[in-house]
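**Q** So the sequences go chain by chain: A and B. Here the first sequence stands for residues 210 to 331, where the numbers follow the numbering used here. Here the second sequence stands for residues 3 to 385, where the numbers follow the numbering used here.
Treat each hint with caution, since some may be false.
Sample of chain B residues with no beta-carbon within 12 Å of chain A, all distances over it, derived [said to hold, decoys possible]:
(1) ILE78
(2) PRO81
(3) GLY83
(4) THR181
(5) TYR188
(6) ASP233
(7) SER247
(8) LYS270
(9) GLU314
(10) LEU326
(11) SER384
Covered stretches of chain A, as calculated for chain B (at least 3 residues, CB under 8 Å) [stated by the list, open to error]:
(12) 258 to 267
(13) 287 to 296
If you're looking for bench data, these hints aren't it; they were derived computationally from the structure. Beta carbons: idealized from backbone N, C-alpha and C, even for Gly.
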Amino acid sequence: MRDDDAFWAAVDEGRLIAQRCLDCGTLRYPLLPMCGHCQSLAWEEHPLSGRGQVYAWLVSQHPTKADDSPRTVLLVDLAEGLRIVSNLAGGGPAEIGMPVHVSFTQVEGRTFHQFHPDTKDS
Amino acid sequence: MLPLNRTAIAGIGQTSFSKASGRSELQLAAEASLAAIRDAGLRPADIDGMVTFTHDTNDELQLQTALGIPEMLWAIRTPLGGSGACASIHAAAAAVASGAANHVLVYRAFNERSGRRFGQPTNGGFSETSLPPRTNFSFGLDTAAKIYALWYQRYMHHYGVTNEDLGRYVVIAREHAATNPAAWFYQRPITLADHQASRWIVEPMLRLLDCCQESDGGVALVVTSLERARDLPQRLVRIAGASQSHLAGGDILFDYHRADPGEYPEAKAVSTHLWRQSGLGPADMDAAMIYENFSPVVFMLLEAHGFCKPGEAKDFIKSREIALGGQLPVNTHGGLLGEAYIHGMNSITEGVRQVRGSSPNQVKDARNIFVTSGRSALILSSD
Chain A
210 MRDDDAFWAA VDEGRLIAQR CLDCGTLRYP LLPMCGHCQS LAWEEHPLSG
260 RGQVYAWLVS QHPTKADDSP RTVLLVDLAE GLRIVSNLAG GGPAEIGMPV
310 HVSFTQVEGR TFHQFHPDTK DS
Chain B
3 MLPLNRTAIA GIGQTSFSKA SGRSELQLAA EASLAAIRDA GLRPADIDGM
53 VTFTHDTNDE LQLQTALGIP EMLWAIRTPL GGSGACASIH AAAAAVASGA
103 ANHVLVYRAF NERSGRRFGQ PTNGGFSETS LPPRTNFSFG LDTAAKIYAL
153 WYQRYMHHYG VTNEDLGRYV VIAREHAATN PAAWFYQRPI TLADHQASRW
203 IVEPMLRLLD CCQESDGGVA LVVTSLERAR DLPQRLVRIA GASQSHLAGG
253 DILFDYHRAD PGEYPEAKAV STHLWRQSGL GPADMDAAMI YENFSPVVFM
303 LLEAHGFCKP GEAKDFIKSR EIALGGQLPV NTHGGLLGEA YIHGMNSITE
353 GVRQVRGSSP NQVKDARNIF VTSGRSALIL SSD
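Please work from the sequences and hints to get the whole structure.
**A** Here it is, written out as structure tokens:
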């Protein structure tokens, strides 16, 4: 049992969630067992919009293995006021303040969240 | 029970700093420890306490047996990696002040280049996550340089700091290392052009020469009471202030979930505590030893500790105020980039040398030295 089990179980189903304290309503991410505002242990899943802006980014060269292709790491400020580490779909350079939205991708049999730049249609 | 500022660093010791020590980490710890004990004018039998990092692989009891210390009354470890470097001295001083121990040995030793390299990815990223993906490693944040670069980007973005600005710090650190015989980069200064020609590690934040070294080596210190230190042979180095600050929402790696990761609120808090404890202020400091696993930390900490106003570190450094002869010489040993990366402990020993007047790059009439590892810091004083 890990504190982020519920988060990754939701990602497996194509959903991005945070925690919402059942006593004071505070949203939290990353997942933690207790509410730092009211010390309640009671919480529920709170579905996130998956929309936000790039807060910081970098191109991770040869991640993990020297022959792996580069990945673009994003820090995304979500509309709900939470910040999440993710990847830029398709890689390449990003930009601070760039509006983005979430999607889900399969890598080596696992589901991961990633973000795309918003276009007119999105 | 003594006030914390009635404690002292009575001895320092270190091994050679290399890329391949050819000996075990325990041997490095034992060599550095013995050097520190002898430097203090003590014998191993005088040591009755030990402090090291939670990260250290050397077992206290093995080191005790190797050194021939008959009995210890106190053994404790400090968390939070390099940001807790000064916390190890804080813990030793607290033991002495409380009466729990009389002569506390503080040590940190590793083969961090020839053994397990901190700078290399240690997690398999996507491929290792046969279990559900758990951490930010899975998204490509698999080295310290990448993990911290997101933080640095916000600082650099906010204040318009360029990689060339960072290079001006590195040039001065390497200048100091060039005249420090213990430094790995002894007699090897660089120019800003050399810095700018070094390869990107995380573009556009960090080049190779912005990164600290990976080093093999050990450093040790002996902490005792001020009264006891007066009877020992070395010039007095009083711990005039020792503090830590750990704020809710922080993280020593993925410190991304606070309002502005470009700030260093723990460092601000730590210096506030230190000024209060010591009755001193930034203008009283004759030099500063600043933990820099990567060059941007020097800029952030100069500002967070109040040596510069926010955003002004780049101009302070550009005008060479941090070089020997400047307003606040910084990292006179060459820093973790220039001397060695012994997890910040070699910056504390340089602080001690400055107070003693025995640094290879001695600051004239140095009386108060600020030593910081971010979440913990010290003021070392001659009186």
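**Q** With d taken as the least Cβ-Cβ distance between ILE78/B and chain A, does d exceed 12 Å?
**A** Its Cβ never comes within 12 Å of chain A, the nearest being 27 Å, so this holds.
**Q** Compute the least Cβ-Cβ separation between THR181/B and chain A, then decide whether it is above 12 Å.
**A** 35 Å, holds
**Q** Could you check that no beta carbon of chain A comes within 12 Å of the beta carbon of PRO81/B?
**A** Non-interface label on PRO81/B holds, nearest chain A Cβ at 18 Å vs cutoff 12 Å.
**Q** Confirm or reject: GLY83/B is not an interface residue toward chain A, with every Cβ-Cβ distance exceeding 12 Å.
**A** GLY83/B is indeed farther than 12 Å from all Cβ atoms of chain A, at 19 Å.
**Q** Just to make sure I understand the rule, a stretch counts as covered if three or more of its residues have a C-beta closer than 8 Å to a C-beta of the chain. Does the region 287 to 296 of chain A meet that for chain B?
**A** holds (count 5)
**Q** So GLU314/B supposedly isn't at the interface. Is its beta-carbon more than 12 Å from every beta-carbon in chain A?
**A** 22 Å, holds
**Q** Does SER247/B clear chain A by more than 12 Å, comparing its Cβ with all Cβ atoms of that chain?
**A** 17 Å, holds
**Q** Determine whether the non-interface label on SER384/B survives the test: each CB of chain A must be over 12 Å from its CB.
**A** With a cut-off of 12 Å, SER384/B remains clear of chain A, as the shortest Cβ separation is near 43 Å.
**Q** According to the definition I'm using, a residue is off the interface if its beta carbon is farther than 12 Å from all beta carbons of the partner; does TYR188/B meet that for chain A?
**A** 31 Å, holds
**Q** The output says LEU326/B does not contact chain A. Does that hold with a beta carbon cutoff of 12 Å?
**A** Given a closest Cβ separation of 35 Å, the condition holds.
**Q** Does LYS270/B really sit off the interface, with its C-beta more than 12 Å from all C-beta atoms of chain A?
**A** At roughly 21 Å from the nearest Cβ of chain A, LYS270/B sits farther out than 12 Å, so the non-interface label holds.
**Q** Please check whether the region 258 to 267 of chain A has three or more residues whose CB lies within less than 8 Å of a CB on chain B.
**A** With 4 residues closer than 8 Å to chain B, the region 258 to 267 of chain A meets the three-residue bar; holds.
In summary, this structure violates none of the numbered hints.
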